[in-house]
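Trainee: Top to bottom, those sequences are chains V and P. In this note's numbering, each number is its position in the first sequence, counted from 1, plus 619. In this note's numbering, each number is its position in the second sequence, counted from 1, plus 577.
Hint data in this document are derived by calculation from the structure and do not stem from the laboratory. These numbers were taken from a predicted model, which means no experiment stands behind them. Take the hints with a grain of salt, since some may be wrong.
As a list, the in silico BS3-like pairs of lysine-lysine whose alpha-carbon atoms are at most 30 Å apart [said to hold, decoys possible]:
no.	chain 1	residue 1	chain 2	residue 2
1	P	K710	V	K697
2	V	K631	P	K650
3	P	K845	V	K640
4	P	K649	V	K859
5	P	K685	V	K640
6	P	K685	V	K697
7	P	K594	V	K774
8	V	K697	P	K650
9	V	K858	P	K703
Computed from the model, here is a short list of chain P residues facing chain V with C-beta under 8 Å [claimed, not checked]:
no.	residue
10	L629
11	T633
12	E661
13	D666
14	E667
Sample of chain P residues with no beta-carbon within 10 Å of chain V, all distances over it, derived [to be verified]:
no.	residue
15	G635
16	R653
17	M668
18	A724
19	N729
20	I819
21	E824
For each residue, glycine too, the CB sits at the ideal point set by N, CA and C.
This is what each chain is made of:
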Amino acid sequence: MKSLIAFWNILKKDIRNYYLKPPNISWGIIFPLSWTLMQLIRSQGNIEISALLPGLMSMSVLFGTTSMLAVTITFERKGRSFDRLLLAPINISTLVFAKILGAVLFGIINGFIPVVFAAFFINLSGINWGLLFVAVFLMAVTSALLGLLIAISAKEVFEAQTFSNFFRFPMLFLCGLFIPVDKLPALIKPISFLLPLTYGADILNSTITGNSLFNATFNTFVMLIFSLLLFHLCHRNIKKKWIL
Amino acid sequence: MGIISVTNLKKVYGDVKAVDDISFDVRSGEVFGFLGPNGAGKTSTINMMTGLSRPTGGQIYIDGIDAVKDVKKVQRIIGVIPDENNLYDEMNGFENLCFCASLYGMRKEEREKRAAELLEQFNLTKAANRPFKTYSKGMKRKLTIAAGIIHNPKILFLDEPTTGIDVESAIQIRELILDLKKQGKTIFVTTHYIEEAERICDRIAFIVNGRIVRTGLITELMSDSGKEYKIQLKLDRITKEIGEELENTIKNCSAEIIDDNLCLITSKERLELYPVIELLKNKGISVYEAKEIKSTLEEVFVKITDIKASKLNDKGGVAG
Ligand SMILES: Nc1ncnc2c1ncn2[C@@H]1O[C@H](COP(=O)(O)OP(=O)(O)OP(=O)(O)O)[C@@H](O)[C@H]1O
Ligand SMILES: [Mg+2]
Numbered sequence: 620m621k622s623l624i625a626f627w628n629i630l631k632k633d634i635r636n637y638y639l640k641p642p643n644i645s646w647g648i649i650f651p652l653s654w655t656l657m658q659l660i661r662s663q664g665n666i667e668i669s670a671l672l673p674g675l676m677s678m679s680v681l682f683g684t685t686s687m688l689a690v691t692i693t694f695e696r697k698g699r700s701f702d703r704l705l706l707a708p709i710n711i712s713t714l715v716f717a718k719i720l721g722a723v724l725f726g727i728i729n730g731f732i733p734v735v736f737a738a739f740f741i742n743l744s745g746i747n748w749g750l751l752f753v754a755v756f757l758m759a760v761t762s763a764l765l766g767l768l769i770a771i772s773a774k775e776v777f778e779a780q781t782f783s784n785f786f787r788f789p790m791l792f793l794c795g796l797f798i799p800v801d802k803l804p805a806l807i808k809p810i811s812f813l814l815p816l817t818y819g820a821d822i823l824n825s826t827i828t829g830n831s832l833f834n835a836t837f838n839t840f841v842m843l844i845f846s847l848l849l850f851h852l853c854h855r856n857i858k859k860k861w862i863l
Numbered sequence: 578m579g580i581i582s583v584t585n586l587k588k589v590y591g592d593v594k595a596v597d598d599i600s601f602d603v604r605s606g607e608v609f610g611f612l613g614p615n616g617a618g619k620t621s622t623i624n625m626m627t628g629l630s631r632p633t634g635g636q637i638y639i640d641g642i643d644a645v646k647d648v649k650k651v652q653r654i655i656g657v658i659p660d661e662n663n664l665y666d667e668m669n670g671f672e673n674l675c676f677c678a679s680l681y682g683m684r685k686e687e688r689e690k691r692a693a694e695l696l697e698q699f700n701l702t703k704a705a706n707r708p709f710k711t712y713s714k715g716m717k718r719k720l721t722i723a724a725g726i727i728h729n730p731k732i733l734f735l736d737e738p739t740t741g742i743d744v745e746s747a748i749q750i751r752e753l754i755l756d757l758k759k760q761g762k763t764i765f766v767t768t769h770y771i772e773e774a775e776r777i778c779d780r781i782a783f784i785v786n787g788r789i790v791r792t793g794l795i796t797e798l799m800s801d802s803g804k805e806y807k808i809q810l811k812l813d814r815i816t817k818e819i820g821e822e823l824e825n826t827i828k829n830c831s832a833e834i835i836d837d838n839l840c841l842i843t844s845k846e847r848l849e850l851y852p853v854i855e856l857l858k859n860k861g862i863s864v865y866e867a868k869e870i871k872s873t874l875e876e877v878f879v880k881i882t883d884i885k886a887s888k889l890n891d892k893g894g895v896a897g
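Using the sequences and the accompanying hints, generate a full structural model.
Mentor: Here it is as C-alpha cells:
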C-alpha cells in the first residue's frame, strides 16, 4: 500500500511537471503534422495515408518517450532531487516502473494522435485495434526503458539529448518503416533485427497495410523479451551507477 | 551498542580514500557531530549510512538493522537533509512537502496536515504557494529540513545544515535541531563550524582525511586538552623574579610572565588562589583580577588535528 502511494505520486508528479507542459504536448501534434505535410508536398498530393501511418505512429511514440525520459531524469539527477527517490524506502523496481509509466502513457497518447488525424481521411475500419494497441504499448515500453538506460549513463542533460538522438534516428530508419527491411543492404539488415522497434513497426504494418515480415505473435513475443532485457539492464545499472 | 553503530567503515573512490577505516557509535537521543574540513569524508560517510552509496568495507547498523544489506528498511526510520537543497524548483513549498511525504506512503489527509504544520513551524506559511525556485537560501534550507522530517523519522542525518546562509537563519536552524533533540530524535550532523558543533552537539568526532582522530563529549574534549588549569592574573606590576618565587612556593605550577601586568599560572591541579595572592601581597603587589582560562574547542581541535582552525572555515558562508 505504501509503495503504491509512492508509485502513484511519482507518476502524478512527472505527468504534471513534465508531460502536461505545453511545449511537450505540442510535440505530439506538430511533429506528425509537419511530417505529413512534408510527404504531401513531396509526392504532390498523391500519398497514401495508410502507408504513412505506421511510420508516423512509431515516430510519435519514439519522440514522446526515449528523450523525454532520458532528459527529465538526467535533469532531476543534476538538480539532486532524484536523490530523494533513492533515499526513500521504495525499491528500485517500483521506482523504475513509476518513472517509465509516465513516459509510456505519454508515448501511447502521442502514438494515437496520427491515427485520429488519419481517421478524417481514410477508412480505418479494417484495423485490428487490440493488436495495434499492444504494438504501440510495447514500443512505448521499450523506448522508455531505452531512455532510462540512457539516463543512467548520461551525466549532463545535453548528453542525454545527444545519446537519445544517437539511438532513435538510426532506429527509425532501420526499423523497416521508411525502407522495408528486406530492401536494406545485407550488412545493415542484421542491425535492424536487433532493434525492438522493427518488431513493433512490423505489427503496425501488418494491421494497417497488411504487409509484414513476421506474424504478430512472434513480434509480440520478441518485444516482450526486449522489454524484460532492458528492464533487467536498467535495474542492474541503476544499482551499479547510481548507488556509488 | 548505540542506535547507530559503525565499524571499520571504508570508502575508496579510485585512488582516493574518502573514508579510511572509521568506527563510532551514536547513542539514542543525542546530537552527534562530525567536525572536519572540506574533503574530510563527512558527506561520504552520510551517503553510506543513508543508502546513497555502498561502502567499500565495514559495517553499519542503524537501530539494529544492517544498513548495508537492508537499506530500504533503514530508510523508513531515517530522515536525510543533504548538503544541497534538492527539492523541485517548479513545485511550491506545500506541494514539495506533500510529495516528499508521499514517498513514505503517507496518505493524503495526513500529508497535507503535516505539511501545513511544518510550514507553520518553519515560518514558511506565507510562501507555501510560491515555487521553490523563488525562495531565498535560508527559506530553501528550512524547507529542505522540513522535507527531511515530514515522515517523523526517529533518526536524522543533517549534512552541513547551516552552510551558506545568514547568521539569523543559522541560529533558527540550530534551535530547530535542538528542538528535534528534545522530541527524542537522534541526530547525526556534519559541520565545519567549530562553534556550531560546540553549541548543538553532545558528542563530536573530529574527522580529517577520512579518519576519526578523536571522539568525545564536548565537555570532555574541552577539559582534557592536556588536563591542566590556567589562571590569568592582572596585577599592578610583575617581574620574572617574583614569577620564579611563585613557582618555588606553590607546588607543581609554572608562571609565565606575559607582560608587566599579566601573569599566567598553569598547574596540574586545581589551583588555590589564597596562597598566591598572599605571596603577592607580601611583595606589595596589588591583584586586580584572577580569571580561569578555559581552552576553546577550537584550541582543542587545533591541538588534536594540527589543522589551523581558519582552514576549517574557508568555505563560503557565515559561521554565525
Ligand atoms: N563520487 C566521488 N568520486 C570520486 N571522489 C569522490 C567522490 N565523492 C567524494 N570524493 C572524494 O572523497 C573525499 C571526501 O569527500 P566528502 O565529500 O566526503 O568530504 P566532506 O567532508 O563532505 O567535504 P565538504 O566539507 O567539502 O563537504 C574528497 O577527497 C572527495 O574528492
Ligand atoms: Mg560534504
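Trainee: Failing hints, ascending?
Mentor: Of the numbered hints given earlier, those the structure breaks are 3, 9, 11, 16, 17 and 18, listed in rising order.
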